[in-house]
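With the sequences and hints as input, model every part of the structure.
One line per chain: the protein sequences are A and E, in this order.
Last residue of the first sequence: 375 in my numbering, with the numbers rising by one and none dropped.
Last residue of the second sequence: 375 in my numbering, with the numbers rising by one and none dropped.
I should point out that these hints are in silico values taken from the structure, not numbers from a laboratory.
Where is the CB? At the ideal position from N, CA and C, for every residue including glycine.
One should not assume that every hint holds.
[To be verified] Across the chosen pairs, the derived CB separations fall in these ranges: (1) Lys288(E) with Gln4(A): 34 to 42 Å; (2) Thr352(A) with Asn370(E): 22 to 30 Å; (3) Gly141(A) with Lys288(E): 46 to 54 Å; (4) Glu290(E) with Pro298(A): 18 to 26 Å; (5) Ser359(E) with Phe355(A): 29 to 37 Å; (6) Glu271(E) with Phe99(A): 30 to 38 Å; (7) Thr130(A) with Ala182(E): 56 to 64 Å; (8) Gly95(E) with Glu253(A): 56 to 64 Å; (9) Gln8(A) with Asn369(E): 21 to 29 Å.
[Stated by the list, open to error] Straight-line C-alpha distance at most 30 Å; calculated BS3-like pairs for lysine-lysine: (10) Lys288(A) with Lys282(E); (11) Lys331(A) with Lys102(A); (12) Lys282(A) with Lys173(E); (13) Lys282(E) with Lys156(E); (14) Lys30(A) with Lys48(A); (15) Lys331(A) with Lys173(E); (16) Lys181(A) with Lys288(E); (17) Lys173(E) with Lys288(A); (18) Lys173(A) with Lys331(E); (19) Lys181(E) with Lys288(A); (20) Lys282(A) with Lys288(E).
[What the hints assert, rightly or not] Partial list, derived from the structure: chain A residues whose beta carbon lies under 7 Å from chain E: (21) Gly203; (22) Ser234; (23) Ala364; (24) Leu368.
2 protein chains.
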Amino acid sequence: MKNQLCEQLGIDYPIFAFTHCRDVVVAVSKAGGIGVLGAVGFSPEQLKEELDWIDAHIGDKPYGVDIVIPEKYEGMGDMTAEEMEEQLWKMVPQGHMDFAQKLLSDAGVPEWPDGTNSMGLMGWTDATATPLLEEALTRPGCRMIANALGTPPADKIKMVQDSGRLIGALCGKVKQALAHKAAGLDFVVAQGGEGGGHTGEIGSVVLWPQIVDALGDTPMLAAGGIGNGRQIASALAMGAAGVWTGSLWLTVEEAHIEEAQRDSLLNATSEDTIRSRSWTGKTCRMLKNEWTEAWERPDTPDPLGMPLQGMVTSDGMRRTATYANVGECQKVAFNPCGQVIGQIGEQENVRTVMFNLLSEYVDAVERLNNLMPET
Amino acid sequence: MKNQLCEQLGIDYPIFAFTHCRDVVVAVSKAGGIGVLGAVGFSPEQLKEELDWIDAHIGDKPYGVDIVIPEKYEGMGDMTAEEMEEQLWKMVPQGHMDFAQKLLSDAGVPEWPDGTNSMGLMGWTDATATPLLEEALTRPGCRMIANALGTPPADKIKMVQDSGRLIGALCGKVKQALAHKAAGLDFVVAQGGEGGGHTGEIGSVVLWPQIVDALGDTPMLAAGGIGNGRQIASALAMGAAGVWTGSLWLTVEEAHIEEAQRDSLLNATSEDTIRSRSWTGKTCRMLKNEWTEAWERPDTPDPLGMPLQGMVTSDGMRRTATYANVGECQKVAFNPCGQVIGQIGEQENVRTVMFNLLSEYVDAVERLNNLMPET
Chain A
1 MKNQLCEQLG IDYPIFAFTH CRDVVVAVSK AGGIGVLGAV GFSPEQLKEE
51 LDWIDAHIGD KPYGVDIVIP EKYEGMGDMT AEEMEEQLWK MVPQGHMDFA
101 QKLLSDAGVP EWPDGTNSMG LMGWTDATAT PLLEEALTRP GCRMIANALG
151 TPPADKIKMV QDSGRLIGAL CGKVKQALAH KAAGLDFVVA QGGEGGGHTG
201 EIGSVVLWPQ IVDALGDTPM LAAGGIGNGR QIASALAMGA AGVWTGSLWL
251 TVEEAHIEEA QRDSLLNATS EDTIRSRSWT GKTCRMLKNE WTEAWERPDT
301 PDPLGMPLQG MVTSDGMRRT ATYANVGECQ KVAFNPCGQV IGQIGEQENV
351 RTVMFNLLSE YVDAVERLNN LMPET
Chain E
1 MKNQLCEQLG IDYPIFAFTH CRDVVVAVSK AGGIGVLGAV GFSPEQLKEE
51 LDWIDAHIGD KPYGVDIVIP EKYEGMGDMT AEEMEEQLWK MVPQGHMDFA
101 QKLLSDAGVP EWPDGTNSMG LMGWTDATAT PLLEEALTRP GCRMIANALG
151 TPPADKIKMV QDSGRLIGAL CGKVKQALAH KAAGLDFVVA QGGEGGGHTG
201 EIGSVVLWPQ IVDALGDTPM LAAGGIGNGR QIASALAMGA AGVWTGSLWL
251 TVEEAHIEEA QRDSLLNATS EDTIRSRSWT GKTCRMLKNE WTEAWERPDT
301 PDPLGMPLQG MVTSDGMRRT ATYANVGECQ KVAFNPCGQV IGQIGEQENV
351 RTVMFNLLSE YVDAVERLNN LMPET
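Encoded structure:
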């Protein structure tokens, strides 16, 4: 399974595991894939702590870091991040804030003990991104940076590439992939509509070959529906250089996840997800629940755009993660995941998951070899 | 590529081509796949004419027929089809009829020259289905029947199987596949959300392996996004016994299609489709246009359910097909197709399409063979 991308990163299998959990990062990298730490929303101090732990436990295996490196917002000019956030707050209606808070309190989600309302832009600005990026680049073990949203600015691309690392970004449309390629990114993650988190409308089977063809020499990682070895074979058959996986790792033993949240995910079928704008303002696939339904009703506020909706909900996002086990929290919790969650029904450890991926992949290729046409 | 399903049907490649055009049926079967004539909406006389032509041109190659064999509607009891249709018409608001007619006339779609309003249930009842089925079963060349919607009633399954033919049906969810299997169908077509026509929400990459696993020994045909050989390799890698294709054949030389409609399809990208209830009342993927947008607006009527919405629109469906080249017809035309339409940019003949499918398939399997993990 080794190809050029594997050589560049020093990994055995082009299996990229996107996760917020440092133990999963380490376990996947040790098993021959590469763990990618999702650091959106981390402060620089939090990221330093996570990377210290990873560096101490991963040996000589490589890993990656995923952050948001936004384009500069129009009109930012000389504004500081604080000034910009102040302007943005003026655009957030109080009715939306009240509606969000009511949904949380009706479900019994506790407030913060110190009474704070920890809201904010959650790292969507350049002011947060730069320190995070700089922190990641101090780590020899960190071999790649992924941008969670859009084409990074040229100066950030240069910063990463000059340090000898790879930089890539996600896309859901051919147009975005072409922009990434033009900017000189080292790889592109193409996520089909069945994927978890921010995701577009085109299904993976249709999207992946289009992106492969658009990218030419630039390697593509296939995302959106990768949960077993057959799906990996599908993706590689299309010309993908590897796969980018997320939902697959949400419920593994090594994941830091509350019992109630793990149960929500393990019990979910593929029909229990919805693409909703209710948390971030951009369509994001997550488990359906009373929160997502509440924002869909005609008689309730409509989600604002990004980043405003994220400012309305970031308090709820943190509280439902922290208090996942409390009250009826799962009814309003933010649980991003892909449709593939339906095929994950039990908790396993990372080594078992990786072993199953590889052996099922081999079986799938066997099956294809037995079905070669006589032309 | 030969497997048991191929042996049973007498074909070389498990490539099923769903089409309304008899020339395409013949060309695909002659090229080693199997053409399936979509006969929904045909009268028994129309079907006889089409099958006479196919039989006269196809030699000893096999083909299939796709019709709607509905479950009996509740409360039908002793009602005749005419009585039932009369009852259904009472449930259709005049406002919906007027809105549909206005959309058509605003786009300059001509009325029928004899002034009739050819509306009706378009074959959704048992009364239409039985004569169609009986006609198909008089043809030795017809080796399989596919049901376009739901699990067929037991008596129809027996009728087909007793005649020595295969019968299958489409599904978009595991639950439907299990019902098909329990009813003893010979194969199941699993269509992912990117597919054209009536289609569900689960993306193909996620749906296909779940349906394969649910069906066990019952063969699965993968649908939704199959437009090239790489996508076929994907599907077969998952365990599909073959592929069911539709959009791929809409614009081939052999297709009977008006210039303007062919242009709409060839120019479309994967982002130009929408799942809309505006024609049949059930979510159906088609090209977006002013018709689909008009029914989405909050200030206009909402689509009724099935079969009522079909009764509102069947006149429009026929007129926009017949008068596809006239006026601004394409702005309101019914153009069902999958997201995969985006990768079809030129008119080719069936032999070329089949050749490309097979050679790209072989390349994809080659690629996978070169990416076997060292475990």
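Hint check:
Range check, Lys288(E) to Gln4(A): about 39 Å between beta-carbon atoms, so the 34 to 42 Å window is met. Taking 22 to 30 Å as the suggested C-beta distance range, the pair Thr352(A) and Asn370(E) conforms, at roughly 27 Å. For the pair Gly141(A) and Lys288(E), the supplied restraint of 46 to 54 Å holds, since their beta-carbon distance comes to about 47 Å. Checked against the hint of 18 to 26 Å, the pair Glu290(E) and Pro298(A) passes, with Cβ atoms roughly 23 Å apart.
Between Ser359(E) and Phe355(A) the beta carbon distance is about 34 Å. The supplied range of 29 to 37 Å therefore holds. Between Glu271(E) and Phe99(A) the Cβ separation comes to about 32 Å, which falls inside the hinted range of 30 to 38 Å. Distance hint check: the CB atoms of Thr130(A) and Ala182(E) are about 59 Å apart, consistent with the given range 56 to 64 Å. At about 58 Å, the CB distance of Gly95(E) to Glu253(A) agrees with the hint of 56 to 64 Å.
Our hint of 21 to 29 Å for Gln8(A) and Asn369(E) holds, since their Cβ atoms are close to 23 Å apart. Distance hint between Lys288(A) and Lys282(E) is fulfilled; the C-alpha atoms sit about 21 Å from each other, no more than 30 Å. Of the pairs offered as hints, the one joining Lys331(A) and Lys102(A) holds, with about 13 Å between alpha carbons and a cut-off of 30 Å not exceeded. Pair hint Lys282(A) plus Lys173(E) holds up; C-alpha atoms about 27 Å apart against a cutoff of 30 Å.
Restraint check for Lys282(E) and Lys156(E): the C-alpha separation of about 24 Å stays at or below 30 Å, so the hint holds. Our distance criterion of 30 Å between C-alpha atoms is met by Lys30(A) and Lys48(A), whose separation comes to about 21 Å. A threshold of 30 Å between alpha carbons decides the hint, and for Lys331(A) with Lys173(E) the separation of about 24 Å falls inside it, so the pair holds. For the proposed pair Lys181(A) and Lys288(E), the alpha carbon gap of about 29 Å is at most 30 Å, so the pair holds.
About 17 Å separates the Cα atoms of Lys173(E) and Lys288(A), which keeps this hinted pair within 30 Å; it holds. Taking the CA atoms of Lys173(A) and Lys331(E), the gap is about 24 Å. The hint holds against a cut of 30 Å. About 29 Å separates the Cα atoms of Lys181(E) and Lys288(A), which keeps this hinted pair within 30 Å; it holds. Restraint check: the Cα-Cα separation between Lys282(A) and Lys288(E) comes to about 21 Å, which is no more than 30 Å; the hinted pair holds.
The criterion of a C-beta within 7 Å of any C-beta in chain E is met by Gly203(A), whose closest approach is roughly 3 Å, and the hint holds. A cut of 7 Å between beta carbons decides the hint on Ser234(A): the least distance to chain E is about 4 Å, and the hint holds. For Ala364(A), the interface hint holds, the least distance from its beta-carbon to any beta-carbon of chain E being 4 Å, beneath 7 Å. Given the 7 Å rule on beta carbons, the hint for Leu368(A) holds: about 5 Å separates it from the nearest Cβ of chain E.
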